[in-house]
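A.B. asks: Chains as they are written, first to last, in our numbering: chain S, 17 to 429; chain Z, 17 to 429; chain X, 17 to 393; chain U, 17 to 393.
Calculated from the structure, these hints are not laboratory results. Worth double-checking, as some hints may not be accurate.
[As the list claims (entries may be wrong)] BS3-like cross-link-like pairs, simulated, lysine-lysine; straight-line CA separation at most 30 Å:
(1) 428(Z) - 333(S)
(2) 155(S) - 428(S)
(3) 155(Z) - 428(Z)
(4) 428(S) - 428(Z)
(5) 34(U) - 333(S)
(6) 323(X) - 83(Z)
[What the hints assert, rightly or not] Coverage of chain S stretches by chain U, computed from C-beta distances (three or more under 8 Å per stretch; other residues unrestricted):
(7) 320–334
(8) 365–372
[Said to hold, decoys possible] A few chain X residues that don't get close to chain U, going by computed Cβ distances all over 12 Å:
(9) 39
(10) 153
(11) 171
(12) 292
(13) 295
(14) 318
By construction, the Cβ of each residue, glycine as well, lies at the ideal position given by its N, Cα and C atoms.
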Amino acid sequence: MTGTTDIESVETFRARSKAWIEANLPLLSEPWVETRELQRLLFDNGYAGISYPKEYGGAGLTIEHQKAFYDIVAEQDRQVPSELMVSIGIIGPTILDNGSQELKQRFLPPLLRGDEVWMQLLSEPRGGSDMAGTTCRLKRDGDTYFLNGSKMWSSGAYHADYGLCLCRSDWDAPKHRGLSTIAVPLQGNPPGLTIERTRAVSGEAGHFCEEFFDDMPLPADNLIGEENAGWSVAQSLLFHERNAVGGIGMGYLGGWRRGGGAGAFTGIDVGPLREAAERRGVGGAVGTMIADAVISSVVDPLTSDRITLGLQLGTHKGHRGSLSKLQSSLSLHGVARAALAIEGAAALVWDGDDVQLDNAGTSWLAARGSTIAGGTSEMQRNTISERLLGLPREPAFDRDIPFNEVLRNLGKF
Amino acid sequence: MTGTTDIESVETFRARSKAWIEANLPLLSEPWVETRELQRLLFDNGYAGISYPKEYGGAGLTIEHQKAFYDIVAEQDRQVPSELMVSIGIIGPTILDNGSQELKQRFLPPLLRGDEVWMQLLSEPRGGSDMAGTTCRLKRDGDTYFLNGSKMWSSGAYHADYGLCLCRSDWDAPKHRGLSTIAVPLQGNPPGLTIERTRAVSGEAGHFCEEFFDDMPLPADNLIGEENAGWSVAQSLLFHERNAVGGIGMGYLGGWRRGGGAGAFTGIDVGPLREAAERRGVGGAVGTMIADAVISSVVDPLTSDRITLGLQLGTHKGHRGSLSKLQSSLSLHGVARAALAIEGAAALVWDGDDVQLDNAGTSWLAARGSTIAGGTSEMQRNTISERLLGLPREPAFDRDIPFNEVLRNLGKF
Amino acid sequence: MRLDLTEDQEFFRATTRKFLESEVPLATVRSLYDTVDGFDRTWWQQAAELGWTSLFVPESLGGGSLSGAPATDAVIVAEEMGRLVSPGPFLAVNVVAAALAWFGSDAQQAQVLAGVLSGESIATWAFAELDGRWDAASVVTTAGLDGDSVVLDGVKAYVEAAGVADWFLVTARTGEGLTQVLVPADAPGVTVTRGRSIDMTRRFGKVALSQVRLPASAIVGKAGTAGPAVERQLHLALALQSAEMVGVAERTLEFTLEYGRERFAFGRPIVSYQALKHRIADMAVTIEGSKAVTDALATAIDTDDPKVALLASVAKAYVGEHCLDIVDDCVQITGGIGVTWEHDVHLYNRRAAVDRAMYGSPEEHKALLATNTEGAA
Amino acid sequence: MRLDLTEDQEFFRATTRKFLESEVPLATVRSLYDTVDGFDRTWWQQAAELGWTSLFVPESLGGGSLSGAPATDAVIVAEEMGRLVSPGPFLAVNVVAAALAWFGSDAQQAQVLAGVLSGESIATWAFAELDGRWDAASVVTTAGLDGDSVVLDGVKAYVEAAGVADWFLVTARTGEGLTQVLVPADAPGVTVTRGRSIDMTRRFGKVALSQVRLPASAIVGKAGTAGPAVERQLHLALALQSAEMVGVAERTLEFTLEYGRERFAFGRPIVSYQALKHRIADMAVTIEGSKAVTDALATAIDTDDPKVALLASVAKAYVGEHCLDIVDDCVQITGGIGVTWEHDVHLYNRRAAVDRAMYGSPEEHKALLATNTEGAA
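Here chain S stands alone, though its shape is the one from the complex (with noise of 0.2 Å):
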């Protein structure tokens, strides 16, 4: 991205940023500054986008000033707009790989300055783990792109500015030969756009938003990459990803995964189960379940250490992030096996005619989403055992013929 040559040392780096962030960034202690005002700070100071060209609103560093910067962040316990992890840590450096030098200059600075907010339109109702198997229909008229069709769990679309949306161009062409990627803008109620939050197991507007798209028009210039080269964008967003979630690469903001200690990380607080079990008198009963999330509360966060080191290190590769994913997201859920079981029925019954929904018992209706949301456990032991194992892949149906005859082809099953 930069060359290393003519740049600030490190060294010298580490020394101005560490006054910058002691006399300007708040603690974690202190009351929380909105994300796009404390992105906004660190633009305005040459600290975002610390690997960045300059030329679109970066610093121009490396990633080795930006470690030392987040890594002072984490030392000092300060807040950063770690909301915008996807938008600066996977976003970014995708278009940066992919696109024209035109979009880039249209899209990064408004990114990193914290003005525009991504996210990305990647899974759709019917294909969750199957990302490229979209049925988002993209087609050309000019210099108009019409996009049909939908999306789904894309997270905070509705405070979004744009969405990075994979869809097909090409149903002729092979499963992942006829993909392409569009940047779509979100606010504003632009015509052929509806979005729709999704409403969670409790009755409650979710987090999640669905998204329907009819024929709405997007200016051809809005595409990233080349026309039906759409899966190596989303590979290069893929890794990014990885490295993201692994704490390293362009999106490095170590020092908000470790903010508030081991249990903030992990979310996992063993005080109420051993609370309950003692009201209830059931300890001998339910010790072991106590004691598995004493154990998932610390050995959680050191795998994820050690991973994030094995990938600084390069002794690790980045699908190794998928073995702390699966183990995080299995020990969230089986704590709120063990709160339900332990609580007993005080966590699923209470007094009045009100729906209540902070027991123990709405949070077990939810807890599937940590096994399913960003990748389901199937799919984290799938690239586990092929990818860092080395073991043969899936046997598909899906693979070298034209994407309409895979369709043809599910009715034989």
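Once you've looked at the hints, dock chains Z, X and U against the given chain S.
C.D. replies: Using the frame of chain S, we list chains Z, X and U on its own:
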């Protein structure tokens, strides 16, 4: 097999059987009578092969008669030669379905008399679960076949008289269409045959054998069914095996399963677990394990009884036997695991320089036997999901192409 | 779920299923979520006409068993209710009806049963207390004897359909022993606190008893000797609950497989993937086992088998644990849509979670089984 | 198993692996099964020359750590030993060497350490007793103080390499406190009963102490105050054991995958089946987690981290449980041949089972973790 006209009514048969059983069959509580001797007693009194035709040494009655007989055996807690279940319940009916008249006359009477004990020669060292993948080679030369290759996991081949062997007679045919079955004599050191008892994980000589065939000559008359029609013989065998395990069909020996009460069938005895937990003062920590063993000891036989009833009533199909096999073998493994944990170090260490084999540790080493022998848990799960629930079959790469080609393709993985 | 049902029983099952499918389909269950009571009393009277309330009551008292094995008959209804996560206090009403039929005086039977049988009045059992434990030792509500009166003091909790009940069968303590008293909901000193649960239609509540004085004739059976009656009621509750959980698990698996056959990933239906198929096979095993143990428990109740306590605890521990795990894994198989309000699987997950906890959790029943082979439910 | 080993540590690992592969390959392990001691003393002296016995002993006393983090160095050896289910009392000797280095008097260090370092003498820890519990509260062997003498009475059990040991570090009770005494194997009143275990090479035994009278200078540290020392020794034992179990699990998975790639069913390698692949993925997760927690425990020992007790119990509970489960499922994947003597997997199953039980089972450590977040190993 035999028409139901002009035969004794089930009621009359029941009455005379009851009197005979009470007067002649030893109680379960009495000293154990040698298997062949007990079978001879049944044979001499017309109670061997109750539903086998008379011309082959049977009683020429029906399965209803047979069921009536063994229900009395069960009620009266009598001994029956249950070790002959494979001979009489599985292989005899297979020969009856598939053999020529000469073959039936040659083999069935001594089988029913208990003079000739049979076993199965199906699995091979390289392919336990994939029975039709046999690479034992059968080649004809005039009136003689020559057998080459080896079989494994054949129980008790060292004391059986004959083995029913599945082997490959045509290598250019697709996998299931080049197989044959043939009767292989095992006693008296026939030329070309070597039998080795497999050494168990404890180091002792085991129950299973491996047989090596080196140009072993076999008379062409020993062929069971047509040449290259071995797979239909094998399917007939599997049908009878399921019925036998389900306690119905020609192998009905209901009594032996119930003899000794619930614990005897499951093989689960919770007493020692409780004692060990008390002795070591770890009751609280291992309570769940003990409870799980109690639950298995109750639920497993109830499940098996339900399936047996369903098979008899016709509400269940044969594949449902896999549910019971999977459940009980996992329970046996689970109890061995619990015993290892509950007994702790005392199960693993003993005084003196001699090897001891009767502890929970050694049992643990062999515990996987239950989930492997007689069809692995994985095969049971395939059967349940595909045959019972009708889920799509696993993609296979060995169908409809010459078997030689299947072997060549293996290198591609 | 017995395989060898009589023709009458098969007909009863078919009628029950048809009634539930037409009167309270899942759309209706969803709409009942927004109601205070969770079920409709007129509908309950229709259910009563089908025989739901009369199974444990002899013909001489206006009831009638289908087969002479009333628990076996009743689990038929419970299983069907599980299949459609149906509303209605079937378990609670039948436990009290059975208790009155088994242990009630002629006067109690005459006074109460007719209304319960017709569905006009609702009776429920008030056993557990604030600690949410369903064992006799945890009962601290007192039933004091005072001449010709009995005086109740204490708080009962987790009482099903408390908000609409006309009668409470209250289990209380008299010295070392237990006493059961039939309490009219409008008796002075009775305060009912309505409550909800995470279940769509099942409501529970608290019943506070403050110096509730009733004539001694309100005592069911003999004061201080209700221990065995309470055990028997608990066994029946567990049998009905296990049957309901079987229905929940089996139906959830059915619609999940339907869904999984139609949902494709990488060109194959998701249920063609072996990792799912093997998990599904394990579910089939535990459903078969759950049916087997539930049937055995119902039969043990009908035949006064001494193994009934063991079977009751085994059934709750086994079915309670596996039913929830099956529903839970079905959510996983369903994927993201399974954790939305729109998909039906959460209706089943809610019922499974509530059934798991009430009348003793698997953990509590396992603790009994760990130390006592005879079980004790 | 740390990712950021120093060059010295990497070299040490390579040397260790080469030494084990050439000197005690699995064929040798099998032949050692038939021997009484389970290992060869001459071979042990070679191992000592590689530095196996000197890691916890300061250079001034003839030892030498590679990196200044001796527990971190030592788990390298333990992991390699697990990979080849190697013989030799590495854990026992190092726990005693560390105890003497940390808490021993100058005289004890001078008298004992040289022989232990060279491998000529074997020292082992006698902590658990007949009930097989590795907690201080279970110690009933007494160390009575009598003028200038200390008198030991009791029976220690599950003592590794008891049959060949020259020195026993005996943990005993003096009133409310603990006392550790270094006892020569030939002291009057010491009776050693040799024993075996299901492990191919690891031998344990009982040490009966009947009025064993030694000069008070045999006490390690101060009488009655050995509690913290015992804790520290136990943490070290658990770290070495966890590392060994990691080696056992990882190597078992490796050769099982090799086997499963070559074994075909229905025209595909068995490890191409998703049900196996997913179970294998779960194994990869727990191996990564096991490495992470073992490293953390070793580091905590090296840095006197107050979380060491928590980490020790978590490591044993986690690694002990998962290591055995991995080996166990590898047997299943291997199929019938996996439960024969000829296949190597049982060598690993034996070691995993023994490691699981010694120094407290996962169940016992979980019981601690259930009630005490600080842990207590």
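A.B. asks: Decide, hint by hint, whether the structure agrees.
C.D. replies: Taking the hints in turn, this is what the structure says about them:
Restraint check for residue 428(Z) and residue 333(S): the C-alpha separation of about 26 Å stays at or below 30 Å, so the hint holds. With a CA separation close to 29 Å, the supplied pair residue 155(S) and residue 428(S) stays within the 30 Å bound. For the proposed pair residue 155(Z) and residue 428(Z), the alpha carbon gap of about 29 Å is at most 30 Å, so the pair holds. A C-alpha spacing of about 27 Å is found between residue 428(S) and residue 428(Z), which places the hinted pair at or below 30 Å, so the restraint holds.
At roughly 27 Å between alpha-carbon atoms, residue 34(U) and residue 333(S) fall within 30 Å of each other, so this suggested pair holds. Only pairs whose Cα atoms come within 30 Å are accepted, and residue 323(X) paired with residue 83(Z) is accepted, the gap being roughly 28 Å. A count of 8 residues in the stretch 320–334 of chain S with a Cβ less than 8 Å from any Cβ of chain U is obtained; the coverage claim is therefore met, three being the minimum. For the stretch 365–372 of chain S, the stated coverage by chain U is violated: 0 residues have a C-beta nearer than 8 Å to a C-beta of that chain, whereas at least 3 were required.
With a least beta-carbon separation of about 42 Å from chain U, residue 39(X) lies farther than 12 Å from that chain, consistent with its non-interface assignment. Against chain U, the non-interface label of residue 153(X) holds: every CB pair exceeds 12 Å, the least being about 23 Å. Chain U leaves residue 171(X) outside its interface by the beta-carbon criterion, the shortest separation being 30 Å against a cut-off of 12 Å. A cut-off of 12 Å between C-beta atoms contradicts the statement that residue 292(X) is not in contact with chain U; the least separation is 8 Å.
Remark: the non-interface label on residue 295(X) conflicts with the geometry, its nearest Cβ contact in chain U lying 8 Å away (cut-off 12 Å). Against the 12 Å criterion, residue 318(X) stays outside the reach of chain U, whose nearest CB is about 40 Å from its own CB.
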